[in-house]
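4 protein chains.
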Amino acid sequence: MVKIAIIGVTGYAGSELARILYGHPEAQIVAVTSRQAAGKRLPEVLPYLWPIDVPVTQGVEVSVDVAFSALPSGASAEALAPLAKAGVRCVDIAADFRLKDVAEYEATYKTKHPAPELVPQAVYGLTELHREALKKTKIVANPGCYPAGALLALAPAVKSGLVRDSVIMDSKSGISGAGRGGLATSIQDHYCEADENLVPYGLSGHVHLAEISQELGLLRGGQRPRATFVPHRIPMVRGIISTCYADLADASLTTEKVREAYCEFYKGEPFVRVTPDAPSAKQTAGTNFCLVYPVVDSRAGRLIVVSAIDNLGKGAAGQAVQNMNVMFGFPEEMGLRAIAIYP
Amino acid sequence: MVKIAIIGVTGYAGSELARILYGHPEAQIVAVTSRQAAGKRLPEVLPYLWPIDVPVTQGVEVSVDVAFSALPSGASAEALAPLAKAGVRCVDIAADFRLKDVAEYEATYKTKHPAPELVPQAVYGLTELHREALKKTKIVANPGCYPAGALLALAPAVKSGLVRDSVIMDSKSGISGAGRGGLATSIQDHYCEADENLVPYGLSGHVHLAEISQELGLLRGGQRPRATFVPHRIPMVRGIISTCYADLADASLTTEKVREAYCEFYKGEPFVRVTPDAPSAKQTAGTNFCLVYPVVDSRAGRLIVVSAIDNLGKGAAGQAVQNMNVMFGFPEEMGLRAIAIYP
Amino acid sequence: MVKIAIIGVTGYAGSELARILYGHPEAQIVAVTSRQAAGKRLPEVLPYLWPIDVPVTQGVEVSVDVAFSALPSGASAEALAPLAKAGVRCVDIAADFRLKDVAEYEATYKTKHPAPELVPQAVYGLTELHREALKKTKIVANPGCYPAGALLALAPAVKSGLVRDSVIMDSKSGISGAGRGGLATSIQDHYCEADENLVPYGLSGHVHLAEISQELGLLRGGQRPRATFVPHRIPMVRGIISTCYADLADASLTTEKVREAYCEFYKGEPFVRVTPDAPSAKQTAGTNFCLVYPVVDSRAGRLIVVSAIDNLGKGAAGQAVQNMNVMFGFPEEMGLRAIAIYP
Amino acid sequence: MVKIAIIGVTGYAGSELARILYGHPEAQIVAVTSRQAAGKRLPEVLPYLWPIDVPVTQGVEVSVDVAFSALPSGASAEALAPLAKAGVRCVDIAADFRLKDVAEYEATYKTKHPAPELVPQAVYGLTELHREALKKTKIVANPGCYPAGALLALAPAVKSGLVRDSVIMDSKSGISGAGRGGLATSIQDHYCEADENLVPYGLSGHVHLAEISQELGLLRGGQRPRATFVPHRIPMVRGIISTCYADLADASLTTEKVREAYCEFYKGEPFVRVTPDAPSAKQTAGTNFCLVYPVVDSRAGRLIVVSAIDNLGKGAAGQAVQNMNVMFGFPEEMGLRAIAIYP
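Residue numbers (our numbering), protein chains in the order written: chain G, 1 to 343; chain H, 1 to 343; chain V, 1 to 343; chain L, 1 to 343.
The shape of chain G in the complex, shown without the other chains:
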């Protein structure tokens, strides 16, 4: 059994980790931390987790094999650094180890990096793109929720040169992507503000664009594309649909040809599925799946790719457990076989 710490358990990614790991046959949750809830038992804070009756502590006070951090960016690397240096495997669900260029991190997140010396050994944890490196690393930089969906939508096309250097990603996310906040939360997350509403945001630049550009650049031999990314808040709890647009490199490409390339790219992947029809968000609720659907708009000479994920699954906690499985040599699907909760 792998002994596990969840740092920042009361947020939505942290509590989803607890939910998933409770059903993982090789996982044993031995420590959960929260600054606000330290001193209580976990079910006193989150009653629906009553089967996981462990104490909430300020920090990780027992010996663990792997630590997941779901703290805010900045705080996360600070909490993980001593553990990483003590040999504990670390999965950072925050953004702190995603950008290879520390200066870009600091400009993007407007904070000083608390552990820049650890950045080089971290691996970007989109398993489908970096599986071999993940097997060997001690520090995983779990992808952002938007990048997970957008990169899996575009990776095959970009890698194979099916599209030009200009991409647009129009993403729509459920409200849980904004996080839980503490005892009080932002007015924009108030039920009455978010319900029956739809809010575009980040129009002057969203932090996730940096890691998307980095990874798309790597797929193109280092050259970053001309990328536009616009996220939208949708009145649902979970799910991200990313609708991606790119001009075709060759206007004669057909949907069939593109689908073949996508199926080839994702052959054998347990969690990515090229779907026969446009996927919907609900088809991924509670799962670690990413559904991808490419289609050619031949009139306009464009490729459109839709991807669907659960932002707390493949976009956060599910992806994190998949990475743990890779690191520890477990079958990749272990603990992650759930089918979507539908309806």
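Take the hints with a grain of salt, since some may be wrong.
Copies of the same chain are indistinguishable here, so a pair counts whether it falls within one copy or spans any two.
In the DMTMM-like style, the derived pairs of lysine to aspartate or glutamate whose C-alpha atoms are separated by at most 20 Å in a straight line are [what the hints assert, rightly or not]:
#, residue 1, residue 2
1, Lys135, Glu61
2, Lys40, Asp277
3, Lys159, Glu78
4, Lys110, Glu128
5, Lys267, Asp53
In case anyone wonders, no lab produced these hints; they're calculated from the structure.
Please build the complex by placing chains H, V and L on the supplied structure of chain G, with the hints as guidance.
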């Protein structure tokens, strides 16, 4: 034109007042106040109110004919007291003038009443029960949202002695009933906590029971009934359905007889309608209507009455404007003729 | 491995069965039926079930150990009768075997019973009330979704005589309780009609009252109570909250005493939990749990009990799998350990 | 008073027309039609419209000044043609008179046009683009809901040549855009399928692209752009957000310059507002407003424009009443001054 102040404009009742009064032909909004937003223009705080481009101030700094207060209880009477003493007509949407017994108020709301000397002249503002007194008063105690719906459901039966002294009110409210909060809000109002959820609360006693008991007692010649009231939070923005249960005084009473009594009681009322079928919350959205549906459960010897209101309409701002119309001798429907937004 | 047929797989109870059984270590889904979808593969009809790639057939054409039927009432007994007679264990999620009195069934459901000769051997499948009989039966009458929640709320109080003979059950259900319908569905289930709405119904009598009365009667030595039951449609997909009211037999009973009785009654039950605070619907989403919260309203001399279930879990498919586990001697929690999907 | 017929009153556009026209001081609803509901009174079919107690008829059986048709495409022109020929002013909310090229109409809607001879005199009813022609026409082709929002987002940029010939429109619509259906409705509109879901559709071509292309072409001197349009179903009742992308003609253009052009283009328009921040869908609920927000993504050399409308307001019934006001010489805002229902 009546010159109007809205005290506490940024909450949901306050902004609904602004919306309704903007369409009222005899109303002119000349002052809106908010502690947090003072110094800005109203549309800077609430962009959808851009047609009402007035400055937000700390207090009421201009001469007005009527002041509506949508402040929290306690703060409301404090803000209204000097205006009332200066002869301004006041409509208090908070609870401060609802209970005739100041000691009961202080025990219920766990606060000292800031202006007990004004309580005797205040009239409980459920127009259908106190119309004549409202015509003459300077201080209206607008009913609570739950009491508005529950009292209109039960008043005919209680007044006419159709039921015994024991009543149960099971109420279901949209989340806007919890208020907007300030810049930060309670975690229970977070979209992800309230959506796809249903939460009973107040099981050890809800403050609204006091005014319900007071008013039902008045209808029964002063004797308060044995009343149980349980509210529930429902994942919708607006609307309250109250399902009320009481044992029939005479087990041979039929639905037809009870309906007759209800129709008679509400004859000529512009905003209460005895419906032919069970009403739904959406049928009242954005309106000042109360839909009432009584039915006899003859097997169990019980009367069941369902009422539907918009908690921000008949349960708050709409009722307040109706009371203003009564006070100023305007037709009661003025500015309140809107049909439900449906769907 | 137990070989399983799901009859009527495309409805919400049927597809939830498929989802749960896919994760059950002793279950093998070998047949799924649907009149409309016969001839297709299951994922062609319900794409999110792509990991369960079995053919949909008209009837059960292979040998099975247990058949679950999620057909409408009437059709269900007709489909199960030949299987039951051939020795297949049957779990009927429809209403056909719930009422021990065939005449009452026919009056309630306004249809002739297709297999009255099987009724005597069927056992009402609320495991907590009939576990021993369920171990020996071949036909399980899975409870209705409302009765499951209401009975678990009231059973301890009724059985122990804590309350008088009069009970009121005010239940609130997510829309999935209305079923999926076929290719077309009822206008009241249209998103735009159900969303931001709340609809009381069944005010002149709901079919589920019959089985509630039967079971409460059994708990009281055969004497049926004076019961009123009013269901409400709530704008959420899953979940039922039942708020139950009954006059205390002894007005001096305290919440503590009642809680003790409830904890004793449910001691050792894996799926019923007496909660320290009022439960909410979301705490049961995707699970087989029933959360029960009794509280005394001492002013009114009444007991209030709230229960929460997932109508597709403990209210349908989860309960059905629990019953299968009992019938086959598996640990009762097998395949049913999931914690709530939250948020 | 203008005497009005609403043809197809029971759909969402038809009933929204009734709601708006009830509050219009110069309008008198004298006929409402519905094939399914003929013979009943309007409130028997749609109870929330009880203040509009008129009979529902099969056809328009009384003399009217203007007829609005909210029938499906094809049926609409058939119903309007005899009225138009008799001199009645007609506003077609269906698609039948939008496309100037009848062959394109027939290819797009896969139906024969029932009254091609009337097409030349019809005017495309996006008031902001065709106001002068609308003043003189007898037949208004009210725009589709998606085109209304997308065209108002792009018109200033396309007309002024700020962008190149390639545009992408990623639109997100509430479910009411799919229509109400009759007594039964499509499974995809079932609450449990649409809620907590997000569904891209029309990926192989949506009928609304034809009228968007026609109108954008007119703005560019006849040359149609290379346009891609992808609609998405969002779990909310009302509202469309269109996020539009186009490469800048001149990469040095700033947000300020573009905003100036937009403000100039819409100067004096009562229903279009260039907003200081990104608009949200809820800010338009129940109104006839279109909120437009252009912003330059200078890194990518692109213009992004977001527009927000209520699909039943500016996207259907509100726009139709605005056109009626233009046709009859009423002030354009008459009956349309409502501020958004918020929250």
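The hints, checked one at a time:
no. : hint            : in the structure
1   : Lys135 - Glu61  : neither (27 Å within a copy, 46 Å between copies)
2   : Lys40 - Asp277  : between (47 Å within a copy, 16 Å between copies)
3   : Lys159 - Glu78  : neither (34 Å within a copy, 53 Å between copies)
4   : Lys110 - Glu128 : neither (29 Å within a copy, 43 Å between copies)
5   : Lys267 - Asp53  : between (40 Å within a copy, 18 Å between copies)
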